[in-house]
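Number of protein chains: 2
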Amino acid sequence: MNNPLYPKALKNLVDSLRILPGVGQKTALRMALYLLERNPSGAQKLSAAIGSAMADIHKCTQCRNLTDKEICLVCSDPTRDESLLCVVENPADVFALSQSVEYKGLYFVLMGNLSPLDGVGPEDVGLDLLESRLAKGIIKELILATNPTVEGEATAFYIDEIAKPYNVRVTRIAHGVPMGGELEYLDSNTLSHAFRARQQF
Amino acid sequence: MNNPLYPKALKNLVDSLRILPGVGQKTALRMALYLLERNPSGAQKLSAAIGSAMADIHKCTQCRNLTDKEICLVCSDPTRDESLLCVVENPADVFALSQSVEYKGLYFVLMGNLSPLDGVGPEDVGLDLLESRLAKGIIKELILATNPTVEGEATAFYIDEIAKPYNVRVTRIAHGVPMGGELEYLDSNTLSHAFRARQQF
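These protein sequences, in sequence, are chains A and B. Per the UniProt record's numbering: the first sequence = residues 1 to 201. Per the UniProt record's numbering: the second sequence = residues 1 to 201.
Worth flagging that the hints you see were computed from the coordinates, not collected in a lab. Be aware that one or more of the hints could be misleading.
Which copy is meant is left open, so a pair is good if it fits within one copy or across any two.
[Claimed, not checked] The calculated DSS-like cross-link candidates involving lysine-lysine, where the alpha carbons are at most 27 Å apart (straight line), are:
#1 136 - 8
#2 59 - 104
#3 11 - 69
#4 140 - 164
#5 69 - 26
#6 59 - 11
#7 45 - 26
Please construct the entire structure, taking both the sequences and the accompanying hints into account.
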């Protein structure tokens with residue numbers, strides 16, 4: 001962003017938009033010009049929305065999901081079964097599951113994965129909080145729904161170890177051929193997992 | 001954006017991000033969660049950058065390009081040849097030309113195209129200002145660099161008509177096969193134009 005023709009405030013805006021995931025130099029410039037030329041009222045709203053989101057939204061003290069209350073809507077819902085706890089990596093996973101799964105238990109959001117090499121230890125993903133909830137003895141089943149990546153699997157194994165001393169059933173969501181997927185286009189890793197994990201028909 | 005699990009401020013942020021060009025529901029949610037979870041300081045900067053860009057940046061009174069001064073850096077540059085004026089649709093076009101063309105004249109930015117059906121008339125794209133500049137008699141060549149789309153061509157024709165009464169040479173940037181392009185993959189419209197507009201080798 002070194003073109004001397006750009007006014008400084010425009011340079012600043014383009015550089016700030018570039019922090020967004022998936023936004024490079026050209027897209028950021030297109031977005032900035034769109035805001036300035038076509039949608040100044042939308043730009044003001046966006047600026048205000050970022051500010052108030054940063055001010056209002058924080059982590060739920062029980063499940064670490066994003067909320068604007070002290071305890072989020074899911075955790076404070078009395079109709080939910082508090083003996084079930086589903087562990088996910090991100091708030092987006094809670095939203096995805098809540099839209100597609102008939103699940104009436106609670107969630108626990110790690111906000112990432114264990115990654116000792118990057119300095120992300122158990123406390124950073126809230127595993128101390130998770131253990132203290134297991135210690136209360138209310139949770140009967142812990143559903144591990146971290147992503148089937150190297151980090152997600154490692155985190156799942158670690159949580160399984162944490163849960164061992166407590167009388168809790170630990171389950172993992174199924175991995176295999178996605179519904180509607182075709183075997184010939186699937187990666188060999190998924191395919192061999194699906195084959196090994198075959199079940200009685 | 002009707003999932004009741006979303007806090008209101010997050011809904012607001014996602015809806016505000018969706019006004020950006022090329023950003024749909026899923027991308028907006030990804031951006032919002034990224035800002036909240038991973039980059040709160042970047043989010044604050046973005047909010048401030050939008051605000052100050054909206055406050056500081058406006059149209060140059062001579063060329064309608066975006067600037068934070070009354071007259072932009074290009075128009076106020078005494079080393080530029082003010083007998084040459086290049087008409088473009090958008091600020092992005094000025095930046096693109098300034099990075100690739102050895103051109104030391106001035107620019108005029110329409111900020112769009114003539115589009116009577118959408119209620120965009122000659123004044124809305126600054127053609128009254130353009131005509132008053134032509135009337136001063138300083139400009140000797142008017143280079144029409146609007147896009148070779150239906151609207152861009154129509155706007156170029158209209159400007160050509162405006163320029164007729166004034167003693168000014170009106171030129172159009174060349175259209176044809178892009179450098180490095182291959183004939184067999186080119187659309188027939190460009191190809192037939194390139195053929196008709198062939199020049200002495």
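Hint check:
1. 136 - 8: Neither way: residue 136 and residue 8 sit 56 Å apart in one copy and 31 Å across, limit 27 Å.
2. 59 - 104: Classified as within; 21 Å inside a copy, 55 Å across copies.
3. 11 - 69: Intra 37 Å, inter 15 Å, cutoff 27 Å: inter-copy only.
4. 140 - 164: Classified as within; 12 Å inside a copy, 84 Å across copies.
5. 69 - 26: Result: close only across copies, 24 Å inter versus 38 Å intra.
6. 59 - 11: Between copies only: 16 Å across, 33 Å inside.
7. 45 - 26: both (23 Å within a copy, 19 Å between copies)
In summary, the structure is inconsistent with hint 1 from the numbered list given earlier, while agreeing with all the others.
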